[in-house]
Amino acid sequence: MTLALHGVEPAFALLCARHSRRLRSLIAARVSDPGDVPDVVQETHLAMWRALPRFDIQRHFESWLTTIAVNKCRDWGRRRSVRRDTLARFQGEVAGSATGWTAGHAESLLLENERLDALHEALAQLPAALRDPLIRTALHQVPQAAVARDLNITVKAVEMRVRRARQRLHNVLTMA
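In the working numbering, the protein residues as written are -8 to 167.
The set of hints was computed from the structure by calculation and includes no laboratory data. These figures come from a predicted structure and were not determined experimentally. For each residue, glycine too, the CB sits at the ideal point set by N, CA and C. Hints should not be assumed to be uniformly reliable.
Just the calculated beta-carbon pair ranges, DEER-fashion [as the list claims (entries may be wrong)]:
1) M151 <-> A19: 37 to 45 Å
2) D24 <-> L107: 16 to 24 Å
3) H51 <-> H131: 28 to 36 Å
4) N162 <-> F52: 49 to 57 Å
5) I144 <-> A2: 28 to 36 Å
6) R157 <-> H(-3): 40 to 48 Å
Just need the whole structure built from these sequences, with the hints factored in.
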């Protein structure tokens, strides 16, 4: 623990490995999709690494780790809810704009799926430098300042990249 507190990465890796089974089962019990467990575990490890310099050695490590993991599960659930709400809102807009069809018709659902597929494809074609800030700010609702700090760029650069990404998406989707 002392070595990990001083930034020795192999010691931190050993600490993570030692608590891996318990951490995975704790997270698996709290997230709805088993496929999300590795992502939440990774986010928990990252949060641990970042918070390690502030760890109070008077505290019990497993309690501290549990608190971080539970918070990451809550964050994951909130982001998942935001993504689901955003997709539902987008699908509602698509259904509302489809002239001549009601949302119950198969043709309308097909149009919605095609537009969603086009959006996913357009997002995948964006350069990562534009896509990442857009997804973090628009879908995950991470503040621009936090995105700037994570990507090691200025807040203004995040703002510009998001604007450029939206413009490119608009251009691609209106031409399709």
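Cross-check of the supplied hints:
1. In this structure the supplied range 37 to 45 Å holds for M151 paired with A19, their Cβ-Cβ distance being about 40 Å.
2. Look at D24 against L107: about 19 Å separates their beta carbons, and that is inside 16 to 24 Å.
3. H51 and H131 have their C-beta atoms about 31 Å apart, which keeps the hinted 28 to 36 Å range intact.
4. At about 51 Å, the CB distance of N162 to F52 agrees with the hint of 49 to 57 Å.
5. The beta-carbon spacing between I144 and A2, approximately 31 Å, falls within the hinted interval of 28 to 36 Å.
6. Between R157 and H(-3), the C-beta spacing of about 44 Å keeps the proposed range 40 to 48 Å intact.
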